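**Q** Got chain A; can you put chain B on it based on the hints?
As you go down the protein sequences, you meet chains A and B in turn. The first sequence begins at 1 in our numbering and counts up by one. The second sequence begins at 1 in our numbering and counts up by one.
These are calculated hints, taken from the structure and not from any lab test. Here the structure is a predicted model, which means the values were calculated and not measured. Hints should not be assumed to be uniformly reliable.
[What the hints assert, rightly or not] Which bits of chain A does chain B cover? Going by a derived footprint, with three or more residues having C-beta under 8 angstroms, they are:
#1 150-161
#2 210-219
#3 255-263
[Claimed, not checked] As a list, the in silico SDA-like pairs of lysine to any residue whose alpha-carbon atoms are at most 25 angstroms apart:
#4 184/B / 249/A
#5 185/A / 237/B
#6 184/A / 249/B
#7 184/B / 243/A
#8 184/B / 244/A
#9 139/A / 91/A
[Claimed, not checked] Short derived list, chain B residues pointing at chain A, Cβ under 8 angstroms:
#10 150
#11 152
#12 172
#13 177
#14 178
#15 207
#16 209
#17 253
#18 256
#19 257
#20 258
Think of the CB as a built atom: it goes at the ideal place given N, C-alpha and C, for glycine as much as any other residue.
Number of protein chains: 2
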Amino acid sequence: MIRRATTVDAVVDAIQTLAVRGAPAIGIFGAYGCALAARLHEGTERERAFLRIRDARPTAVNLAWAVDRVRASADGDYLEEARAIHREQVEVDRLIGEAAIELFPRAGNVLTHCNTGPLATGGAGTALGAIVAAYRAGKQLHVFAGETRPLLQGARLTMYELRAAGVPATLIVDAAAALAMREKKIALAIVGADRIARNGDVANKIGTYGLAIAAAHHGIPFYVAAPRSTFDFALGSGDAIPIEERRPDEVRIDEADDVYNPAFDVTPGRLVTAFVTEYGVIRPPYFESIPDLESRADFLAAKR
Amino acid sequence: MIRRATTVDAVVDAIQTLAVRGAPAIGIFGAYGCALAARLHEGTERERAFLRIRDARPTAVNLAWAVDRVRASADGDYLEEARAIHREQVEVDRLIGEAAIELFPRAGNVLTHCNTGPLATGGAGTALGAIVAAYRAGKQLHVFAGETRPLLQGARLTMYELRAAGVPATLIVDAAAALAMREKKIALAIVGADRIARNGDVANKIGTYGLAIAAAHHGIPFYVAAPRSTFDFALGSGDAIPIEERRPDEVRIDEADDVYNPAFDVTPGRLVTAFVTEYGVIRPPYFESIPDLESRADFLAAKR
Chain A
1 MIRRATTVDA VVDAIQTLAV RGAPAIGIFG AYGCALAARL HEGTERERAF
51 LRIRDARPTA VNLAWAVDRV RASADGDYLE EARAIHREQV EVDRLIGEAA
101 IELFPRAGNV LTHCNTGPLA TGGAGTALGA IVAAYRAGKQ LHVFAGETRP
151 LLQGARLTMY ELRAAGVPAT LIVDAAAALA MREKKIALAI VGADRIARNG
201 DVANKIGTYG LAIAAAHHGI PFYVAAPRST FDFALGSGDA IPIEERRPDE
251 VRIDEADDVY NPAFDVTPGR LVTAFVTEYG VIRPPYFESI PDLESRADFL
301 AAKR
Chain B
1 MIRRATTVDA VVDAIQTLAV RGAPAIGIFG AYGCALAARL HEGTERERAF
51 LRIRDARPTA VNLAWAVDRV RASADGDYLE EARAIHREQV EVDRLIGEAA
101 IELFPRAGNV LTHCNTGPLA TGGAGTALGA IVAAYRAGKQ LHVFAGETRP
151 LLQGARLTMY ELRAAGVPAT LIVDAAAALA MREKKIALAI VGADRIARNG
201 DVANKIGTYG LAIAAAHHGI PFYVAAPRST FDFALGSGDA IPIEERRPDE
251 VRIDEADDVY NPAFDVTPGR LVTAFVTEYG VIRPPYFESI PDLESRADFL
301 AAKR
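Okay, chain A solo, but in the shape it has when bound:
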């Protein structure tokens, strides 16, 4: 089903109801949403529309980043700026995929969580894009995908995208991940991110933290694939990342039940083996590991 948003209300609604989800895709959509808002509204109303879109979801940093970029455009260039963000994301995903190939074994099982493919980024994807890039480069991979409760992005979207890409895949319930690591000899886990703090702490889909702990327990490398726009250098650690709690109805069967329904968790940077970005593979101590000095400066300055 294809939905079309033609008002600011519809843009905000599409983000809040997760019709558009995945941190980079939300960024691109938010940017186009601002271009739409600029066409429909002027002055303070336009600015209010920008801020409504910016605040539609709190955890992913890409949305605020993209909206701020469009807001800062010269008047009239809003659509061009949104298109640039979209174009850049496609290129960024390609570079992430390319950089990730070396991390994968010649053959083996890999684990991922939630959805990080084309439906999440607007390009080839981050973690899923990396898996597909490695598969196309000849690595004989088999993917184990967590279904990703409560909204089942893994079962609904990731399995669909893997089938479309021709990559062999098996669906598991999220709680089977630790057993799969041991019984299916998972070679590595790779996930995306919604926000990354300066110390490497990662906000990502609920369940990521448990996966990272289980991966460490089994001695399995745990990779996070994310574009530069997901890093938020304003934050020293993950403690300051706002974690969105969503509606109880996503989880409960009985209306009387109390529910704790965080959409994300924060994984400490020490559990992350490396980040895969468009600047290459970044290992602790992170930014010092970017080999090319000019790239490092670019990375830190968030220039493209």
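**A** Frame of chain A, contents of chain B only:
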């Protein structure tokens, strides 16, 4: 909804479709099923019926244990033996609850997984029975219950039983357990078991292994509450426990998807802080920790 099984086929079907589930409840039901089979059938047909019931599910040891006890009864005493098993389970649950009270803090949050209450054992329950016993003894507890995908025993049954018992509870998706341990300051985790090997390895609902790893990571005690009938001294370790894989349809949305759907996982004994049994709290090196020598001999001999 109440279902009534009046044929051996119906008994086997109720076990296989999980109309009856929970290791001790399956044992009691299997015992009554044998009494029914003995009334309906004779000779080799009766023996075949016993074996069909015994093999209806592979992982929990209680079923085989209960069927063997009824089979070994003097002819005509089948129903009396099934009733004895049922009566004993009620008493065993009471003793487990009593023994567990000291493990709980005066006040705090506790985590459990799957369903281990009256609907799982026929008595007060094992892990859930322990929580309720501690709550009734004045401990100010709040329970976080994992929904337990794919069949949602936590969301459907545990939340219902906790409400019925008046114990404050919050439902979470299974993948939120690690975050809950950190953010909600979980004081301890307690689960049931389907089979326990001599070295303390525990087969239990899928997800238990990941919970135990996360509990160890956070320094949180991880308890397993189970009756003596769940211990299988024939097994040196969990490697030999058969793990039932269930139908892909329990998990997948798209029929084309491959699914790995183990109903259970095996948690290494080293991740278990202690077992709570009707013989008291048993810590490594396990059976030597039973203080009373006569009880220890009873425990090892599986006498009641």
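**Q** Confirm or reject each hint.
**A** Now the hints, each set against the structure:
no.	hint	in the structure
1	150-161	holds (count 6)
2	210-219	holds (count 5)
3	255-263	holds (count 7)
4	184/B / 249/A	holds (21 angstroms)
5	185/A / 237/B	holds (20 angstroms)
6	184/A / 249/B	holds (21 angstroms)
7	184/B / 243/A	holds (14 angstroms)
8	184/B / 244/A	holds (16 angstroms)
9	139/A / 91/A	holds (22 angstroms)
10	150	holds (5 angstroms)
11	152	holds (7 angstroms)
12	172	holds (5 angstroms)
13	177	holds (6 angstroms)
14	178	holds (4 angstroms)
15	207	holds (3 angstroms)
16	209	holds (5 angstroms)
17	253	holds (5 angstroms)
18	256	holds (7 angstroms)
19	257	holds (5 angstroms)
20	258	holds (5 angstroms)
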